[in-house]
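Let chain D serve as the given structure and place chain V with the ligands on it in line with the hints.
Going down the list, the protein sequences come from chains D and V.
Under this note's numbering, think of the first position of the first sequence as 1, with each following residue one higher.
Under this note's numbering, think of the first position of the second sequence as 1001, with each following residue one higher.
In case anyone wonders, no lab produced these hints; they're calculated from the structure.
Here the structure is a predicted model, which is why all the values come from computation and not from measurement.
Glycine included, C-beta positions come from ideal geometry on N, C-alpha and C.
Wrong hints could be hidden among the right ones.
[As the list claims (entries may be wrong)] When the alpha-carbon atoms are kept at most 25 angstroms apart in a straight line, the in silico DMTMM-like pairs for lysine to aspartate or glutamate are as follows: (1) D:K211 / V:E1046; (2) D:K156 / V:D1269; (3) V:K1201 / D:E292; (4) D:K190 / D:E92; (5) V:K1201 / D:E92; (6) D:K73 / D:E17; (7) D:K298 / D:E324; (8) D:K211 / V:E1298; (9) V:K1243 / D:D278; (10) V:K1255 / D:D278; (11) V:K1255 / V:E1298; (12) V:K1205 / D:E287; (13) D:K190 / D:D97; (14) D:K298 / V:E1157; (15) V:K1204 / D:D278; (16) D:K211 / V:D1267; (17) V:K1243 / V:E1206; (18) D:K156 / V:E1291; (19) V:K1243 / D:D276; (20) V:K1204 / D:E92; (21) D:K190 / D:E146.
[Stated by the list, open to error] Across the chosen pairs, the derived CB separations fall in these ranges: (22) V:I1124 / D:Q311: 46 to 52 angstroms; (23) V:I1066 / D:P121: 30 to 36 angstroms; (24) V:E1132 / D:P327: 55 to 61 angstroms; (25) D:S199 / V:R1309: 34 to 40 angstroms.
[What the hints assert, rightly or not] Partner residues aside, some chain V positions facing chain D, computed with beta carbon under 8 angstroms: (26) R1143; (27) G1161; (28) F1272.
Single-letter residue listing:
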Amino acid sequence: MVIEAPSRLRTETDQREILLSIRNLHVWYELRRFGFGIVGYVRAVDKVSFDLHRGEAIAVVGESGCGKSTLMKTILGLVKPREGNVIFEGKEIANADSATLKWYRSQVGYIQQDPYGALPPFMSVRRILEEPLIIAAIRNGKERLERIHRVMEEVKLYPVEDFLGKFPHMLSGGQQQRVVIARAMILNPKLIVADEPVSMLDASVRVEILKLLRGLQESHNLSFIYITHDLSTVKYFSERIFVMYAGKLVEQSPIGELLKNPLHPYTHALLSATSDPDARNALSFREVPPGEPPSLVKPPPGCRFHPRCAQMIQGLCEIEEPPEFTPAADHRVACWLHKP
Amino acid sequence: MRSENGRLLRVENLVMYFATLRGPVQAVDGVDFELGVNRAVVILGESGCGKSSLAKAILRLLPRNIAKYSGRVYLHGRDVMQLSDEEFRQSIRWVEMSLVPQAAMNALNPVLRVGDQVAEPAIIHMGMSKAEALEAARTMFQRVGVAEDFLNRYPFELSGGMRQRVALAMALVTMPSLVILDEPTSALDLLTQANIFNTLKRIKKELGTSFILITHDIATSSELADDVAVMYAGQIVETGEAKDFFPDPLHPYSKMLMASVPRLRADQDPQFITGQPPSLISPPSGCRFAERCPARFEKCAEEPPVIERDGRKVRCWLYA
Ligand SMILES: Nc1ncnc2c1ncn2[C@@H]1O[C@H](COP(=O)(O)OP(=O)(O)O)[C@@H](O)[C@H]1O
Ligand SMILES: Nc1ncnc2c1ncn2[C@@H]1O[C@H](COP(=O)(O)OP(=O)(O)O)[C@@H](O)[C@H]1O
Ligand code: SF4
Ligand code: SF4
Ligand SMILES: [Mg+2]
Ligand SMILES: [Mg+2]
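Next comes chain D alone, as it looks inside the complex:
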């Protein structure tokens, strides 16, 4: 399998059909104190909008706590938004009835960060993979087994017979993650959400799993949302990249364009903090913004990045929230520096 190099990545506006639309999404968690009721909100996702095309792979990057998992859980229908829409193939998911949700769950697959935690310890690989098929009312046992065989071969868990009877603890981390991937794929979904799928694995296994995912994405023309904090892997994996900071989407761009021409100061910071193995790195200090991401209970007014931003514009950035500007086709950024 060939992984696309950044130079060949798509930069023109996408003509493919839209599979998933996120509109003005707000997801807040209630903070409760005993006897006082709701005392505040964690604004984990705040006013997020984007479109995902059929067959497109996007990456969402950002530091822990910025709301990546919350955004994905909302897309998966596991968390209800306070406001906004999740529209999949034209159907509203955020407040759907149970029949629609059941259909929707068969259309999306979920790959978690921690493969061991994601797999029920007392189920064999066969049972783990058979369960979604039973829920999807595939009554013919022979057909179920055929589909299990097919998906296990696709994720390269072969010889299949050797793995069917195994339990999760008998597998290596990489093999466990292949089972999780097989489970996510078994109902032939249109969309896969992978939340830090390789961050718990050893470096040598990481690349193998990422290549497997990329291969599946291409051969099935899947839409794919890849969540990561590791910028060095995104170009091997996705066409567009979304940068999140403190519950906000601060930049969206095709990956090649973003690597060449990052616009948001936070994106800049992420790129310049990413090391490639090079002995010269030890000779100089890296430019890193000071401080840490803010609390999402009382985020800073104006631009949420302003307390750490070296380019902050006094009298503007700390007062008014920057809207999304579009300085180039397909390239959006929420930062006052890019006001036309």
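Then chain V with the ligands, alone, in the frame of chain D:
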């Protein structure tokens, strides 16, 4: 006083095995390397290859099920393996060499103020009074980038990055010559990690400290490395200066490890290493990497010698 021709540490044939029901785990099996004054060596290797065990062996932190422990550890030219446990505890551990253990930020005592925790080694190992030790802790907080008023806080009031800095301050408060960092930033976010590496570089420059940095994160390791040692299945398979190693690793395992690193600033397609490392209970005879090695040939059934070449060392028949 500090050196033997600029050399701080020399480890020779260090061995540490653990007893288990299935037989001894040969976690550290004949390790040799050296480290100069005010230099940093990174020990690279996949999980389970024995990196943390090597740190413990150097610091003589022995678990109960120790089965074999031998070799030489020269510090400033003196073999500290010859010291009694009491002498080692009094004059070496913390005083000369300290450790920031793996997941240190989660190992702080939850019910003690972090300032008191940082002061404690200075009281116990340097004989400082409580007031002197708190003053030393205050100075060290500044060096590692924690605000002074955090001295009075409890661990749960600090972010992960701040707790990791506190653990670093604790290892530095006794002003040791050598600090061993075991996966110091692997649980932290990118910007926090980069900030901490800036701090480590500054400390190395300002205090003259030497470091052993243990990690599986090859890209980040280059932020501090003067020298590199690659570990595989309990053994060091290659050592050399970072400037030689990163552009041109010699050992087949090192080459494959380097090729597996995704790069932000280059287009090369990362490769993976098929297969798994051997069991440390019954490692294969001959080269331990042979099963996964694309360059394997007949010779490799015998234990490979360590070959020296332009100041670099590699344990592989290809270079014999
Ligand atoms: N169930 C929950 N209740 C309250 N707060 C939560 C819950 N889940 C996540 N959060 C908070 O929401 C914010 C975003 O979390 P998360 O979506 O997990 O971020 P990420 O995946 O980027 O690390 C964090 O501040 C987190 O503490
Ligand atoms: N006290 C112990 N008893 C038995 N086996 C151990 C003990 N400590 C570590 N090991 C084993 O020794 C090997 C090396 O472990 P470790 O030094 O922690 O590796 P690393 O730090 O490179 O991941 C592993 O197989 C591990 O399971
Ligand atoms: S809006 Fe202002 S504070 Fe925010 S990133 Fe842009 S320049 Fe910095
Ligand atoms: S000694 Fe042989 S098997 Fe081992 S790394 Fe060298 S060439 Fe490969
Ligand atoms: Mg998450
Ligand atoms: Mg370890």
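For this session: Give me the numbers of the hints this structure contradicts, sorted from smallest to largest.
Result: Hint check: 5, 8, 20, 26 fail, others pass.
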